[in-house]
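Chemist: With the sequences and hints as input, model every part of the structure.
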Amino acid sequence: MNFPVLGIITFTPFVAALIILMIPAQRKNEARAVALASAVFALVLSAWVYFSYDQAAGGYQFLEQYNWLPALGITLFFGVDGMSTPLVLLTGVVMFTGVLISWGDDNPHVNAGIQDRPREFFAFLFLLAGGVFGVFVSLDLFMLFFFYEIAVFPMYLLIAIWGWVKTREYAAMKLTLYLFLGSVISLVGGLAMVWVQYNNTGTLSFNMLVMETAGFSQTFQNIWFLPVFLGFATLGGIWPFHNWSPDGHVAAPTAVSMFHAGVLMKLGAFAALRVGIMLLPQGAETWKWLIMGFAGVAVVYGAYIAFVQMDFKYMVGFSSVSHMGLVVLGFSTLNREGLLGAGLQMFSHGVMTALFFAVVGMIYDRAHTRQIPELGGMAKAMPFAAMGFIIGGLVSMGMPLFSGFVAEFPIFMGVWREQWLVAVVSSISIVITAAYIMRNIRQVFFADMPSSLEGHITDVTVLDKIAISTLCLFMVLIGIFPNFMVPMIETGVDNVLRLLGGS
Amino acid sequence: MYTSTMFASILPEISILVLAMLILVVEPFWKKEKRRNVGWLTAGGLVIAMIVSIAFGQPDEPTATLGGMIRFDWLGFFFKMLFMFAGAATALLFMDNEKIGHRGEAYLMLLASLLGMNLMAASADLIMLYLAIETTSIPLYILSGFLLGDDKSTEAGFKYLLFGALTSTFMLYGFSLVFGFAGTSNIYQLADLFKSGALPLVTIMGTLALILVGLGFKVSFVPFHFWAPDVYEGAPTAVSGFLSTASKAAGFAVLVRLFFVAFPDYGSSWTFALAIIAAVTMTVGNLLTLPQTNIKRLLAYSSVAHAGYTLIGVVALTQLGAASVIFYLAAYIVTNLLAFGIAIAFSRITGLDDIRDYAGLSRRSPMLGLMMLAAFLSLAGMPPFAGFVAKVVVFAAGVQAGYTWLVVVGIINSVIGAYYYLNVLKYVYLYRLPNEDEEAHPIPLTRPYAIALVVLAIGVILIGTVFAPWFNWSDAGAMNLF
Numbered sequence: 001m002n003f004p005v006l007g008i009i010t011f012t013p014f015v016a017a018l019i020i021l022m023i024p025a026q027r028k029n030e031a032r033a034v035a036l037a038s039a040v041f042a043l044v045l046s047a048w049v050y051f052s053y054d055q056a057a058g059g060y061q062f063l064e065q066y067n068w069l070p071a072l073g074i075t076l077f078f079g080v081d082g083m084s085t086p087l088v089l090l091t092g093v094v095m096f097t098g099v100l101i102s103w104g105d106d107n108p109h110v111n112a113g114i115q116d117r118p119r120e121f122f123a124f125l126f127l128l129a130g131g132v133f134g135v136f137v138s139l140d141l142f143m144l145f146f147f148y149e150i151a152v153f154p155m156y157l158l159i160a161i162w163g164w165v166k167t168r169e170y171a172a173m174k175l176t177l178y179l180f181l182g183s184v185i186s187l188v189g190g191l192a193m194v195w196v197q198y199n200n201t202g203t204l205s206f207n208m209l210v211m212e213t214a215g216f217s218q219t220f221q222n223i224w225f226l227p228v229f230l231g232f233a234t235l236g237g238i239w240p241f242h243n244w245s246p247d248g249h250v251a252a253p254t255a256v257s258m259f260h261a262g263v264l265m266k267l268g269a270f271a272a273l274r275v276g277i278m279l280l281p282q283g284a285e286t287w288k289w290l291i292m293g294f295a296g297v298a299v300v301y302g303a304y305i306a307f308v309q310m311d312f313k314y315m316v317g318f319s320s321v322s323h324m325g326l327v328v329l330g331f332s333t334l335n336r337e338g339l340l341g342a343g344l345q346m347f348s349h350g351v352m353t354a355l356f357f358a359v360v361g362m363i364y365d366r367a368h369t370r371q372i373p374e375l376g377g378m379a380k381a382m383p384f385a386a387m388g389f390i391i392g393g394l395v396s397m398g399m400p401l402f403s404g405f406v407a408e409f410p411i412f413m414g415v416w417r418e419q420w421l422v423a424v425v426s427s428i429s430i431v432i433t434a435a436y437i438m439r440n441i442r443q444v445f446f447a448d449m450p451s452s453l454e455g456h457i458t459d460v461t462v463l464d465k466i467a468i469s470t471l472c473l474f475m476v477l478i479g480i481f482p483n484f485m486v487p488m489i490e491t492g493v494d495n496v497l498r499l500l501g502g503s
Numbered sequence: 001m002y003t004s005t006m007f008a009s010i011l012p013e014i015s016i017l018v019l020a021m022l023i024l025v026v027e028p029f030w031k032k033e034k035r036r037n038v039g040w041l042t043a044g045g046l047v048i049a050m051i052v053s054i055a056f057g058q059p060d061e062p063t064a065t066l067g068g069m070i071r072f073d074w075l076g077f078f079f080k081m082l083f084m085f086a087g088a089a090t091a092l093l094f095m096d097n098e099k100i101g102h103r104g105e106a107y108l109m110l111l112a113s114l115l116g117m118n119l120m121a122a123s124a125d126l127i128m129l130y131l132a133i134e135t136t137s138i139p140l141y142i143l144s145g146f147l148l149g150d151d152k153s154t155e156a157g158f159k160y161l162l163f164g165a166l167t168s169t170f171m172l173y174g175f176s177l178v179f180g181f182a183g184t185s186n187i188y189q190l191a192d193l194f195k196s197g198a199l200p201l202v203t204i205m206g207t208l209a210l211i212l213v214g215l216g217f218k219v220s221f222v223p224f225h226f227w228a229p230d231v232y233e234g235a236p237t238a239v240s241g242f243l244s245t246a247s248k249a250a251g252f253a254v255l256v257r258l259f260f261v262a263f264p265d266y267g268s269s270w271t272f273a274l275a276i277i278a279a280v281t282m283t284v285g286n287l288l289t290l291p292q293t294n295i296k297r298l299l300a301y302s303s304v305a306h307a308g309y310t311l312i313g314v315v316a317l318t319q320l321g322a323a324s325v326i327f328y329l330a331a332y333i334v335t336n337l338l339a340f341g342i343a344i345a346f347s348r349i350t351g352l353d354d355i356r357d358y359a360g361l362s363r364r365s366p367m368l369g370l371m372m373l374a375a376f377l378s379l380a381g382m383p384p385f386a387g388f389v390a391k392v393v394v395f396a397a398g399v400q401a402g403y404t405w406l407v408v409v410g411i412i413n414s415v416i417g418a419y420y421y422l423n424v425l426k427y428v429y430l431y432r433l434p435n436e437d438e439e440a441h442p443i444p445l446t447r448p449y450a451i452a453l454v455v456l457a458i459g460v461i462l463i464g465t466v467f468a469p470w471f472n473w474s475d476a477g478a479m480n481l482f
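As they're listed, the protein sequences go chains G and X. Take the first sequence: its position 73, counting from 1, is numbered 73 in my numbering, and each next residue is one higher. Take the second sequence: its position 448, counting from 1, is numbered 448 in my numbering, and each next residue is one higher.
A portion of the hints provided could be inaccurate.
[Said to hold, decoys possible] Chain G is nowhere near these chain X residues, computed Cβ spacing over 12 Å in every case:
(1) Trp-30
(2) Leu-131
(3) Thr-169
(4) Ala-191
(5) Gly-197
(6) Gln-292
(7) Leu-352
(8) Ile-412
(9) Trp-470
(10) Ser-474
[Unchecked claim] Derived coverage of chain X by chain G (criterion: at least 3 residues anywhere in the stretch with Cβ under 8 Å from a Cβ of chain G; other residues may be distant):
(11) 391-397
(12) 420-426
If you are wondering where the hints come from, they were derived from the structure by calculation, not from laboratory data. Remember, predicted model here, so these are calculated numbers, not experimental data. Don't be surprised by glycine CBs; every beta carbon is placed ideally from N, CA and C.
Modeler: Right, here's the structure in full:
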């Protein structure tokens, strides 16, 4: 057996969470140090997986399988393909930067980072991270659900305890119930699949590689595709089940927003792809028009709502709905270009939105307001953060030479092949996005600083700068050098298309 | 005449009896202030009894012993171990409550009802079954009203007695009708008789309904749940914990054996009715939990809802269904005892039982806060805690048997459940004590509480992560039914 790297990546955050909980509550810096060390460890391992994935061979790699409950055919089965490898890397990056952002600042003027009970904060954050890693690498349906739920419930505590005082209780409960309902609906679909497979083939197994070959009937796929896909896509923020997401983003503390928009929403989209489309491909063929419609609405409507927001964080939250809509739009094409773009967009949006939330958090910590008209002149006070936000903005607009372009272009190509009208309508979102991003950059960073803020705004810390640079690095790297990620995702797309039968 | 199997089949019961007599003899000689130590003796004795039973009393092939009164099989054995574990934990939770824990009778009553539960799980004869149920219930009536001078406790004891007596007469009437029609009271002989089709369906269904009244009271499904909240609130908290876990599981043990062995051929006639009962039980239980402000009442109503989830496994009427019921009960016993244990430890220091009094708990005692997190998330059915796997297995059994609509009702209910369980955690983690420094008001745990809570918390996580052994034992028990 090879070095069980995926298992180690998945369980690193859990073990770290336990260790952090054992540190006495007053020793805040020790808790932070352990958190940072394990985040670096997980990042290094996930980068190692990314670079040693054999793109020529494709398919599932780094397989590890342990019998967990043989009586029901449940195994602890890990493996990654070209679709999930970038997402593992993404999780590593966001985990690392999230810990840096949450480190805190001793400056009494700045109430940045997590000062209240950092021990519990990092423990819950790492539970979340472990669950996220687990979903991306699980090839067993039961374990996928297991980790999926682990990724959902810490959100409640993280938002409710450390969130924005005004809306945290409401937003945390809304988010948790939405996601819990979505996931249990998918769970019922998953159980139905398992039993139908058992009746068809006589083997009881939750192994998704076995389930791919189960040969579900057309009727069965038509019935169950929608509940399974939409149940997961709820976490991907699909319209009309996106309602929890901006509230959740806004109420969450900075690192949690980063995790949430950066990684957790990908979790929903990824699970919808892996369980919905890959296990029920004919159902996906039947319903793709509906999914495409939902996603098209999400793209345009999300962008428009973001445009009219006066609250900086709500704006970023709704822009996430719009961008995740593009991911689902890519899925709904079921063709090579669309899926490739969706895969890239998941990574690109992950780092971009993590950066957005990080910068918004830094500004809020210093200015104590997020109302866009009340902000101004941040480029002078915190130039590094301004630079990061502008790069993120360019990605968001889909400018060439940045990762957003590399991701969005294939999506629109794929959509055009299926239904040109949807491509035309949803491309309106690019214009709206450009409008609100540029308007905000002008107002927040380059307008005159209001006198009430004069003198309060300090520059960001070194740790914040490291986090910003790390995130920017990936956006520029993929933009200038798409080959960093495109071939990898292409192998993943091949893996999906294999099940869709040609095209 | 007397064989070793005969002896082995009631080895746990013999051990409990010996332990009870030992306590009866020893207790009067101990000084008053030392009487608390009877708790150590009870808990330790039960653990030893479990070890002895596992070492010498494991069943292999299912056999009928003691004149067909007792069935010696894995189903009964696994349940017996669960009950004794719950009994040991409850004994520890008794200890530091002056009004119960310092009186030997309480432990004696606990052991007497444990004896009854063990026999419930193993009885193969209606007469034996009835005796076992009464042996279980009468000590529990007394324990519920144990706090003399406390009106609520007296009310709880009396209410429990009245409800119990009424429903058990219904059940006894059902038993006597069965005996009258069939001429035998042995469950396994009845099964053969039912298979032969000698009895009219109406008769069987009528008696079944009567029996269901009695069992419905034990496992507290709707509409026989009215006693539960009042009794749980009034009774000493440790007794409520025992009632809601072991006593309920004993009811299910009987339900499973009776329905799976004697009535499966009439499955289509009663599973649908039971499915409706399950759906109503979950929904009513959950909706009534929503407005509760007292932690004991909240747990009481939610335990009604959990009875509903468990019934899904019975409705499925498959081997997986039976296994899922047993697994669910195992997970539920550990989880709910933990939840009650925390409530006991908390109210011993503060004297308070309302949910809003839990504000700031995570700052007053981070460990207790984390355990509360584990217990309530497990009740809500979240991984990596026991409740998640238990729910998935029950739902899997439901989907397999074609009761998808019932499972959908179940998942909608579990979302409602998540709401009120998370709401409690909001008090624990988010809210603070008004105008006070929480760290100045810690919640120290005495040794018996610490041991009991830590063992239970580990159990919750262990069942939720390494679930294979627990499921395999449940499955071995379920196999005996077919």
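Chemist: Does each hint fit the structure? Answer for all of them.
Modeler: Verification of the supplied hints:
no.: 1; hint: Trp-30; in the structure: holds (39 Å)
no.: 2; hint: Leu-131; in the structure: holds (35 Å)
no.: 3; hint: Thr-169; in the structure: holds (41 Å)
no.: 4; hint: Ala-191; in the structure: holds (26 Å)
no.: 5; hint: Gly-197; in the structure: holds (30 Å)
no.: 6; hint: Gln-292; in the structure: holds (17 Å)
no.: 7; hint: Leu-352; in the structure: holds (22 Å)
no.: 8; hint: Ile-412; in the structure: violated (8 Å)
no.: 9; hint: Trp-470; in the structure: violated (10 Å)
no.: 10; hint: Ser-474; in the structure: violated (9 Å)
no.: 11; hint: 391-397; in the structure: holds (count 4)
no.: 12; hint: 420-426; in the structure: holds (count 4)
In terms of the numbered hints stated before, the structure departs from hints 8, 9, 10, listed from lowest to highest.
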